[in-house]
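Asks: Listed below, chain by chain, are the residues.
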Amino acid sequence: MRTFANEIRDGLDQALSDDPSVLVFGLGVPDPKGVFGTTLDLQEKYGEKRVFDMPTSENAMTGIAIGAALGGFKPVLTHQRLDFALLSMDQLVNNAAKWHFMFGGQRNVPITIRMILGRGRGQGPPHSQNQQSWFAHNPGLKVVMPALASDAKGLLLASIFDPNPVIFLEHRWLHNAQTEEATDMPIPLGEAKLLREGDAVTVVSVSYMTIEALHAVDVLKEQGISCDLIDLRTVTPIDWAKIETSVKKTGKLLMLDTGFKSFGIAGEILAHVTESCWSSLQLPPARLTAPDYSESTSPALTKDYHVRAEHIAAKIGEMTDKPVSIEPILNQRGAAHDVPGTWFTGPF
Amino acid sequence: MRTFANEIRDGLDQALSDDPSVLVFGLGVPDPKGVFGTTLDLQEKYGEKRVFDMPTSENAMTGIAIGAALGGFKPVLTHQRLDFALLSMDQLVNNAAKWHFMFGGQRNVPITIRMILGRGRGQGPPHSQNQQSWFAHNPGLKVVMPALASDAKGLLLASIFDPNPVIFLEHRWLHNAQTEEATDMPIPLGEAKLLREGDAVTVVSVSYMTIEALHAVDVLKEQGISCDLIDLRTVTPIDWAKIETSVKKTGKLLMLDTGFKSFGIAGEILAHVTESCWSSLQLPPARLTAPDYSESTSPALTKDYHVRAEHIAAKIGEMTDKPVSIEPILNQRGAAHDVPGTWFTGPF
Amino acid sequence: MTPELAKTLSHGMRRIRTVEETIAARYSEQEMRCPTHLSSGQEAVPAAISAVLRPTDLAVSGHRAHAHYLAKGGSLKAMIAEIYGRVTGCARGKGGSMHLIDEAVGFMGSTAIVGGTVPVGVGLGYSLMLKGTDDIACIFLGDAVVETGAFYESLNFAILKNLPVLFICENNFYSVYSPLSVRQSHIKAIHEKVAGFGITTQDGDGNDAASAHEIITKTVADIRAGKGPAFLEFSTFRFREHCGPNYDDDLGYRPDQFIEGWNAREPIRQFETRAIEDGFLTLAGIDQMQEEIENEVKAAFDFARASDFPPAGEASQHIFANQMKGSWK
Amino acid sequence: MTPELAKTLSHGMRRIRTVEETIAARYSEQEMRCPTHLSSGQEAVPAAISAVLRPTDLAVSGHRAHAHYLAKGGSLKAMIAEIYGRVTGCARGKGGSMHLIDEAVGFMGSTAIVGGTVPVGVGLGYSLMLKGTDDIACIFLGDAVVETGAFYESLNFAILKNLPVLFICENNFYSVYSPLSVRQSHIKAIHEKVAGFGITTQDGDGNDAASAHEIITKTVADIRAGKGPAFLEFSTFRFREHCGPNYDDDLGYRPDQFIEGWNAREPIRQFETRAIEDGFLTLAGIDQMQEEIENEVKAAFDFARASDFPPAGEASQHIFANQMKGSWK
Ligand SMILES: Cc1ncc(C[n+]2csc(CCOP(=O)(O)OP(=O)(O)O)c2C)c(N)n1
Ligand SMILES: Cc1ncc(C[n+]2csc(CCOP(=O)(O)OP(=O)(O)O)c2C)c(N)n1
Ligand SMILES: [Mg+2]
Ligand SMILES: [Mg+2]
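Protein chains in written order, with my numbering: chain A, 1 to 348; chain B, 1 to 348; chain C, 1 to 329; chain D, 1 to 329.
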């Protein structure tokens, strides 16, 4: 059994070993804890010049990654929370995203920016942002959001060896997720994955929402409701074909996102599907997302904040006009609502 | 006749004069050119402590505005391009947007951030971004996008005296727009304005797109097609009621935005209207926006970049299935395609 | 030194230590469910500042803010309740350990982004300059903050406008597990780099409450007198792990000698030993003080644990304010 | 000084001047349709650098980059074509005057955001350090750049890793219309602030090509020898308005005395007068050189104006790259 964090670490290891131009840096990369286990031992293995810690200078370090990329390297920069990367929006959007375009295709910028998405156990407003729509809105950036541990390594390898800047968003609640199968091969960016098949509703999800969705879809299957479940994997480029094919079959779309609702990625997916699948739609496309306010610190304020499997199941019931029991889902919950599992005891 | 720029300047003047806690600062504020004429003479009138230039330190100056606000003042910070404000996303989103929320409503942050949206005549990729969807996606920020010169002052006054952080987006092509009527009264944030009435299509637009839309809608009226034209004025809070009322009447929505198409504000408006007006919709809601790539510098590459009145008219013709002539629109064009009018001779 | 000041400093340090150690002791109960950065070992500087600042002075801080909040006079009960996520918390449970606020005593807020409140503090300094009082704005920062661009931008503006701002850097030589050597050039010390900008700077022993108090007293007096901003660097040592209740020296990221050297200069014992020798404190007096502190801390935890959680509906409140809450007067 | 070097410097300055003044003369034709920042008056430093750097050294710059691009050996034709928005431009018309690139000669890019390429240049320096050559990365910056946080973050990293980076600050005392006095404290000069970090710094007369060349030669040799990054500040004067082709001294934002003082030290005449006196240059030689330059510049403008505009379809190209274009070797 391997975890999502193991897979990320092995992806970095493989990239560093296969290609001497790969660099890995970020706050805490050579730490004893190795960024939640994802960078352990890499500095020992590849040396301080290729794997290194950095100053708390998120903006410049992003520019430095760009410069190193222009110098022929393939830097992977890690932020322990997406929230810290807000300091680097200028370098990411004014430089990295636009470099290839604004210099007329002269030169590409092969950087990968890992950002970890926080959630729960008191992370609070500035440690729990899921701003994927910002990046997705900007031409020139690719946005990757792995969900399954079995996809983590393949998507990371594809990101590192993609000639473009890639924002690689790792949900903190996934690091301990387990898998038996995993691949050493890059997974092409832009291909969503059909995880479950059915004709009741098309469920499209990203990142940690896919875990909740799997749970809901599997329980509903036992209750006679079968859904297509599409794990988006990459937000840009996006696999419209797979989504449209499914919606044309089911006539119903439910989009799941970890970010704020309004002006987020779910809105775009609803809008696009409405434009492209109008005549197939039996219902207005629906979405379940975080609400339009931040996640608070107190556990008393986060109970109903996030979308969970039971909400997804209930929503599918509503959309299919069928009775649905969420009991089996609730019965399986072991851990408190603000942690991904009993293994998680904080502090962060 | 007064210009949009005059109205902004007078709004600042009135705010400074009415309330000694108002501060105005930004790069070039006391310049001989006064930020495209919008800050002329204010320093002479109100002194260097309340009206001042600043270092090229967009990030810290935003934090300094927040601190001054916490100290009881109402700062208005100006950026000559939105693109420069990308450096301040951390302060805007991690601090300003969240302060009231994350301190449990203890304290508000009454700052106004003016950002000018560039376009045309070689502005190029990092001087022409319209990232309104970023701000709109973040709870705690209000986003104001005036279109009409007659609204500029009222919306600015409402923004300055709003207890929350307000992102005030001024399109560069509007500064020379003229008006005869103007108001000294704040215009409440969150109220869209119905500029034209009709039942063919609901056209919703923001900022400079409203000017193009007015042109298109008026020409079509002469051709027997009457549309509702709603100038959004504020993106958050958004006036869903006005939009929904109109769509329920017309059954057709055309949304116009100055920003990139995908994951932009138009997507949200389409998604929301689909959710809320499903049974009234006769057609999939449509949008015309900037494409999903940056504006280039060469005039040869910007000819078809922006949505213009003729595109809007043609789209409305398509949506109403009626013949439409765009000749009257084309015939009225005087200036080159990359300038707002013949008065504009660069350099920026 | 006076008996009174000795008592103030000893009390200030012991109060912070007792609060932090009580949190550490109870953290594993899983009732304080938020990332929590303790200040045990770093009490001397906050205690010294506490003895110098006035309630009308303003202060901001970062992720490790308990000591600063308490030093500025922030309500202990409201802080503990905040960490417990209760509605009686200083941020009504919205912000947790990293988001402390008590405007009544001038503690204007601490936030979780490294360097994020530095410009905010300078902006507060600008507001004080405009008001024309002799109050000051005090910005607490760690050694990692001087790696952020926001710090230099803020410094430049504070000097440019000659603002009444005190930058206090507590240099504990580590940012999480990372030593200074992987983050900053060692050619110049932090205070030397900053001095290059032409601001008054001084470095001091952050484990010596008496000398810290002396330095701070003089510096604050100069700022109040209009001499402009100042930057103080105090070296010190954090006892426990970066975030959380445990010791983590088994991980080996701090050299043994370093740890032993600092442990030998533990700030409370060091200060009190000398103060007793000098006749400013007595053992009995200290014991009584400690008992009072423990009662106060126990009462704060009791208060917090007896407090209600915020009603679920508050999760969606406070997005926008409906009215202005501050005033420039 | 040698006759050869004198010719190189004189030629370098005259070439930049001629290009810039030709742009100024033709700008009102409305065919160069992009914001354009001219370097007239600031030729000495770029010309001096040009004589020191190698094609394998790398350079980046900001909005006022024509002189730097030319100094690094960038194609004049491709630059003029870029300003004219033609497909033969160095960025195929996508970027305009502020986005110059010629990787063949190590000019890695200029961009429009103040300070935006400083970390990029340091990252290039990191790549050179990894490659282990003795090439250097040269970062051109204006006096406003030292107000940006990114600059200090980059400086710290360059020193921390002892990178082969040359920071060249051309201080023309203004950022658009804003004098230094409203932007930076005057207590310390720019190079003094930077020196506080422990980096080698020097200030020089940016209108004196000979002394600038001497300083740069020594500094670059030290960087190549592994002595780490260096920061040079050269004071200088821009002739024309911040952006655009005109003079704007009627606006009164620069004091008359300041303007007159600088005009008296116009870099080309100053340099050549001395070089002629010293026998390194002759008037006839200069005239011939100027004629050659004018022919070259005319040819570049002819080339640009005869070039095609990019086909409309290119507007949507180059969003993503399909392949890697650089190599670490
Ligand atoms: C911008 C940003 N980057 C990274 C972090 C993660 N982080 C939290 S605390 C911390 C260490 C700060 O070190 P220092 O300033 O020395 O304070 P100390 O913890 O030693 O008191 C870091 C890097 C953050 N909160 N914000
Ligand atoms: C981050 C940012 N803020 C503001 C601007 C607007 N701007 C363009 S050039 C310039 C002046 C820069 O001055 P300096 O660095 O001294 O260079 P100079 O123009 O004098 O050569 C400014 C403020 C910008 N491009 N980027
Ligand atoms: Mg530290
Ligand atoms: Mg300048």
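Don't read these hints as lab results, they were simulated from the structure.
As the structure is a computational prediction, the values presented were derived from the model and not from experiment.
Among the hints, erroneous ones may be present.
Straight line, CA to CA, 20 Å or less: simulated SDA-like cross-link-like pairs of lysine to any residue [stated by the list, open to error]: (1) A:LYS33 x C:ALA51; (2) B:LYS33 x D:GLU277; (3) C:LYS188 x D:TYR253; (4) A:LYS303 x C:SER316.
Chain A residues, not near chain D, derived (Cβ > 12 Å throughout) [claimed, not checked]: (5) GLY37; (6) LYS49; (7) GLU58; (8) LYS74; (9) ASN95; (10) ARG107; (11) PRO110; (12) PRO139; (13) GLU318; (14) ASP321; (15) VAL339.
Note that beta-carbon positions come from the ideal geometry of N, C-alpha and C, so glycine has one too.
Asks: Checking the smallest CB distance to chain D, is A:PRO139 really beyond 12 Å?
Replies: violated, 5 Å
Asks: For a C-alpha distance cap of 20 Å, please report whether A:LYS33 and C:ALA51 respect it.
Replies: Violated - the C-alpha atoms of C:ALA51 and A:LYS33 are around 39 Å apart, more than 20 Å.
Asks: Quick check for students: does the CB of A:GLU58 sit more than 12 Å from each CB in chain D?
Replies: violated, 8 Å
Asks: May I ask you to check that A:ASN95 keeps its beta-carbon over 12 Å from the closest beta-carbon of chain D?
Replies: About 6 Å separates A:ASN95 from the closest Cβ of chain D, which leaves it inside 12 Å; violated.
Asks: Is the Cβ of A:ASP321 farther than 12 Å from every Cβ of chain D?
Replies: holds, 43 Å
Asks: Does the no-contact call for A:LYS74 survive, Cβ to all of chain D over 12 Å?
Replies: violated, 8 Å
Asks: Holds or violated: B:LYS33 with D:GLU277, Cα cutoff 20 Å?
Replies: violated, 44 Å
Asks: Is the Cβ of A:VAL339 more than 12 Å away from each Cβ in chain D?
Replies: It holds; A:VAL339 is separated from chain D by about 35 Å at its closest Cβ, greater than 12 Å.
Asks: Against chain D, does A:PRO110 hold up as non-interface, every C-beta pair farther apart than 12 Å?
Replies: Per Cβ check, A:PRO110 is inside 12 Å of chain D; nearest 6 Å; violated.
Asks: Going straight from one Cα to the other, do A:LYS303 and C:SER316 come out at no more than 20 Å?
Replies: holds, 12 Å
Asks: Checking a non-interface call: every C-beta of chain D should be farther than 12 Å from the C-beta of A:LYS49. Is that right?
Replies: violated, 6 Å
Asks: Are all C-beta atoms of chain D more than 12 Å from that of A:GLY37?
Replies: Fine: 26 Å to the nearest Cβ keeps A:GLY37 off the interface.
Against the hints set out earlier in the document, violations occur for numbers 1, 2, 3, 6, 7, 8, 9, 10, 11, 12.
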